[in-house]
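Participant: Each chain, written out:
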Amino acid sequence: MEEFEPRIIAFLCHWCTYTGADLAGTTRQQYPPNIRIIHMMCSGAVDSIYVLKALIDGADGVLIGGCHPGDCHYQTGNYKARRRVAILKEILNQIGFTEERIWLRWISASEGKLFADTVTQMVEELKKLGPNPLQKLWVA
Amino acid sequence: MSKGGILEVKNNDPIETLRVFFRDLLEKEVVEVLLIPKKLPSGDGYCQTLIRDPEMLVDVNPLAPTLPVQSARIISHLTITDPGRKVGAVLKSCEIRAVIELVKFLQVKLDRLILIGVDCMGTYEPSDYAKMSRKKGEGVSITVGLLKGAREGKIESQDGYDLRLACQICEYPNPRNADIAIGLFGYDPQREIFIQLRDQLASELAEKGILAISEEESASRDQVIERLIEERIKRRDEVFDAFRSGTKNLQDFMDALSTCIRCHNCMVACPICYCKECVFRTPTLEHKADQFLRWADRKGGVRMPTDTLLFHLIRLSHMVTSCIGCGLCDSACPNALPVATLFRVIGQRVQGMFDYTPGRSVDEEPPVATFREDELQTESGSF
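Chain order of the listed sequences is A and B. Heads up: the first sequence at position 107 corresponds to 98 in our numbering, and the numbers run straight through without jumps. Just add 23 to wherever you are in the second sequence, counting from 1, and you've got our numbering.
Think of the hints as simulated: they come from the structure by calculation, not from any bench. Hints may be right or wrong, so weigh each one.
To be verified - The calculated DSS-like cross-link candidates involving lysine-lysine, where the alpha carbons are at most 25 angstroms apart (straight line), are:
1. Lys44/A / Lys322/B
2. Lys44/A / Lys257/B
3. Lys44/A / Lys119/A
4. Lys127/A / Lys299/B
5. Lys119/A / Lys132/B
6. Lys80/A / Lys44/A
7. Lys44/A / Lys299/B
8. Lys33/B / Lys118/A
9. Lys271/B / Lys127/A
10. Lys257/B / Lys177/B
11. Lys171/B / Lys44/A
Stated by the list, open to error - Which residues of chain A face chain B? A partial, calculated answer using Cβ under 10 angstroms:
12. Tyr22
13. Pro24
14. Arg27
15. Ser39
16. Lys44
17. Ala77
18. Gln85
19. Val114
20. Glu115
21. Lys118
22. Leu120
23. Pro122
24. Pro124
No residue lacks a Cβ here, since even glycine has one placed at the ideal position from N, Cα and C.
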């Protein structure tokens, strides 16, 4: 049987993590190709709608990347994202859907290596978790 | 600080006595218009009615034990643009708490609003109330029946009809944040009703000869309310425990909501879901035919309409922090899904994360509208 390859949807902020991902590319960092990046202006613009939609439609993991606390281009977007993710994780915990599929990470524009390492690590962890059970459910 | 006075009940008729009290408020211009439950001509129930002419106060019942709609939404319509007059609104505790939440979301302005809260015995489903009313005939006997328990705080169901589950587990039988509070607990409503007032209103009502301020409060009132709240919390915890043990894993949770047809009734009934442009009414989550067919290809088949789980999870993530537990979503559900219990159970923990009690104070910022720099930190700096 083919090895399970998780699919990750990543919402990356324009000013930090997206640029960090760019740097990972230009500096030829190697990381697994399991990630589909959606370019956002700010992690604070990631509504839980999109995270949930991705997970319910079968994504194995969702990565939200933003600027480090204190560094948000819009001052406070990442703090708001942090609360939103905390609320979402608590809700998912309570309904028995593992919150470990959602990762929020602060990765700056200069941290290309951290971006590559994060994706590598996330793919490893998701492989341990196995496929998202919602992927095959016809009633979800 | 607040002051109070006793309203002497005439002819053992608390409803008529309160009607006279409200007529005074209108005629002496303490309020210029009054929103108050008034009996429908059919007798099947009550509806909030915006009354200008005191003659229209016939058949009003501020203590009506039904909650057909959440008045917080009405209050939003009445105050979001300046009404230009003093609006008095007779509301139950859950409605006032919803108003407080909507103030924080800039959907209600308190400037010209006088919140008149009533001690609430609980409410019946509108359909149950209609059946009871048809059996018992005209009059206020259903309300009076419930009021018998006010003095001791022991509320009993009548004629085999239970109060709505949300009311059975409500920890807020008496209103807070009201400008005028109609107190029944700890009193014999056949004889007297306690009226609690904000300072300024107390002097106005005294000056206008509507109510003598006595500062006296029944010694047992606090205890009666406390005991009632304790009982409600006990019942609440039973309901919560049952829900939690029945929805331990994702499959059980989905089974509990499996008959959802995504009609959006719960969302429409919800006072907190205020967005004018709701994501469920935009093309954001609309799909083209080929998307549905791709799902069918991948899974072998797909339930239509899709996105029922998504609907509840999005609603939870958007407004569970402000859910005040009025339970109107339950009443609105055509398939009797435990939507209100779901929101209250999950809300308990999510609200607890931020030590937030919705409806408690206009000064507390809703968790989704604020943050603290030093919170939710983990070793890696993120989580």
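Participant: Does each hint hold? Answer for all of them.
Facilitator: Going through the hints against the structure:
1. Lys44/A / Lys322/B: The given pair, whose Cα atoms are some 16 angstroms apart, holds under the 25 angstroms limit.
2. Lys44/A / Lys257/B: violated (37 angstroms)
3. Lys44/A / Lys119/A: Distance ~22 angstroms between Lys44/A and Lys119/A Cα, so the pair holds.
4. Lys127/A / Lys299/B: violated (35 angstroms)
5. Lys119/A / Lys132/B: Distance of about 52 angstroms is beyond 25 angstroms: violated.
6. Lys80/A / Lys44/A: Holds, because 14 angstroms separates the two Cα atoms, which is no more than 25 angstroms.
7. Lys44/A / Lys299/B: Status holds; Cα separation ~22 angstroms.
8. Lys33/B / Lys118/A: Violated, at about 75 angstroms.
9. Lys271/B / Lys127/A: The given pair, whose Cα atoms are some 20 angstroms apart, holds under the 25 angstroms limit.
10. Lys257/B / Lys177/B: holds (14 angstroms)
11. Lys171/B / Lys44/A: violated (51 angstroms)
12. Tyr22: violated (17 angstroms)
13. Pro24: violated (21 angstroms)
14. Arg27: violated (16 angstroms)
15. Ser39: holds (4 angstroms)
16. Lys44: holds (6 angstroms)
17. Ala77: Hint holds; Ala77/A Cβ to chain B Cβ min 5 angstroms, cut 10 angstroms.
18. Gln85: This hint holds: Gln85/A lies near chain B, its Cβ roughly 5 angstroms from the closest one there, short of 10 angstroms.
19. Val114: violated (17 angstroms)
20. Glu115: violated (15 angstroms)
21. Lys118: violated (20 angstroms)
22. Leu120: Cβ of Leu120/A sits 13 angstroms from chain B, so the hint is violated.
23. Pro122: For Pro122/A, the interface hint is violated, since the closest Cβ of chain B sits about 12 angstroms away, which is over 10 angstroms.
24. Pro124: Result: holds, 7 angstroms to nearest chain B Cβ.
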